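> Quick note, the sequences are listed as chains A and B, same order.
Here the working numbering runs 134 ahead of the position in the first sequence, where the first position is 1.
Here the working numbering runs 134 ahead of the position in the second sequence, where the first position is 1.
Everything labelled a hint here was simulated from the structure, so no lab data went into it.
It should be emphasised that the depicted structure is a prediction, and the values quoted were computed from it without experimental measurement.
Hints may contain errors.
[Claimed, not checked] Distance windows between CB atoms, simulated: (1) B/Pro204 x A/Ala195: 29 to 35 Å; (2) A/Leu207 x B/Pro204: 56 to 62 Å; (3) A/Ala354 x B/Thr153: 22 to 28 Å; (4) A/Pro325 x B/Thr153: 27 to 33 Å.
[What the hints assert, rightly or not] Covered stretches of chain A (in silico footprint by chain B; criterion: 3 or more residues with CB under 8 Å from a CB of chain B, positions within the stretch not fixed): (5) 140–152; (6) 242–253; (7) 268–274; (8) 295–306.
Every residue, glycine too, gets a C-beta built ideally from N, C-alpha and C.
There are 2 protein chains.
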Amino acid sequence: MNVTNTIEAVRAMRWQNPTATWGLVPTMGYLHEGHISLVRRARAENDFVAATIYVNPAQFAPTEDLSSYPRDLARDLALLQDAGADLVFTPDNALMYPAGFQTFVTVEGVTAVLEGAARPTHFRGVTTIVAKLFNIVQPTRAYFGQKDFQQTVVTRRMIADLNFNLEFIVCPTVREADGLALSSRNTYLTPPQRAAATVLSRALAQGIVLLNAGERDGDALRQAMTAVIAAEPLARLDYLSAADPLTLAELAQVGEMALLSTAVFVGKTRLIDNMPWPSLTAVTGGQ
Amino acid sequence: MNVTNTIEAVRAMRWQNPTATWGLVPTMGYLHEGHISLVRRARAENDFVAATIYVNPAQFAPTEDLSSYPRDLARDLALLQDAGADLVFTPDNALMYPAGFQTFVTVEGVTAVLEGAARPTHFRGVTTIVAKLFNIVQPTRAYFGQKDFQQTVVTRRMIADLNFNLEFIVCPTVREADGLALSSRNTYLTPPQRAAATVLSRALAQGIVLLNAGERDGDALRQAMTAVIAAEPLARLDYLSAADPLTLAELAQVGEMALLSTAVFVGKTRLIDNMPWPSLTAVTGGQ
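If we strip away everything but chain A, and leave its shape as in the complex, we get:
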């Protein structure tokens, strides 16, 4: 496994064999089984696998946890090696945002709601760095986790609109045994907060139960899920949504599919989770 912090080294390895296929797994490091599941799928589907580790300042607001975001490069590299990565790109800020940097990729529409409403500059930071990483690695396929569902919608939109020449693959959220979605930010939680954090998946699962039982009223679904979160003293709701999985517009009535999603503060830690209905493959068109 090659580890490099230069674009030249990435391109030299990428283009050594121009006909080889490459899978890309972009990460902010502090890897967990969710990330590793992406690397494994990329490993199975491509000749070579590149991962990137970069905590992208452009997707954090000044009030957010950029400085405290967890980092452990040695552990990350060991996990990536075990999972079969061939190349790990670990750029620094001076390489990604040199003096004079002034170009941004912006997706409108689907970035206006949910995470985009809560974090106004977040997605501009995401799409800009993802465009840069796509251009640096030029992968055949890119692998993203369902956990950041809106990010997958925004990225898919960017890929289509800007004609990036790659296949976009969304992999299912990996969860702890009690339902908590894996997240690097789970490490911020105290033991009581960790116990309370299952409230996100419990609320969403309640929504899925109601959908499966025939409930189609958007407000009824949102109210039922909100009630689950309100019953958890350590949790404070940021948003709760039952939306169209393509446009992310809130649904008055659920039709053939829906995305249930929520953001919740547990202490100072902001956690997100989502559940697509009837299934991930149904709402992402089989990818």
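Please arrange chain B on chain A, whose structure you already have, making use of the hints.
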């Protein structure tokens, strides 16, 4: 020469031999010798040459000349064939901006002045379509004309900031014998307007004469060039600039290099021109 309006056909030809080099010449059609000089240089430097012909609505304001912009596809294709192009991509609006399109590439800073100040949404349209064409063709080298100098500054900035994997080459402005820079929009001019249109190159040349004679005061240069344009009854000045060629900021004092540029209305036709000093290669770093 292959002519196609589908992305699939472009990619099939582009990647038939993955190690071949490709030059890209993006155009809005109605080709003149300026465009053809780009194709010839691309022909000399690459295994294959792709040209694109697309009048991009996103770079026109509602008040501008999108509907009347001259078009002659048959003539353009004959010229491209003569110049040695291998592939011509002629997409339509439904392919470039399908329903739901909502992604834009924006360069800040250098787009705020000159053409960007006069045409506020122009460069967002340019950078978005250029990013799309780069991703569709994935050229080894891209060729742009110096005539749209600010466009070359903005595009170079986008390429660097978003890490597009290509070489960017700016070719000198081609002029008529009397100094008028070639432009598809010159066809709008009546004979008296055509005669008056030499005022742009005459004004800029006066600035170069003064620079060569030792004048370094920005205001003195701008005033001398403005006086040339004011003396032409059929011309109405839009802007006149003596700027840093990298940042496009107006210069109080000229140092090692400058970009002299102007936009002038001749009748209803808006013409632009520029002259770099001491030379194009000096101000573009040798490209």
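> Honestly, which of those hints from before does the structure not fit?
Hint check: 1, 3 and 4 fail, others pass.
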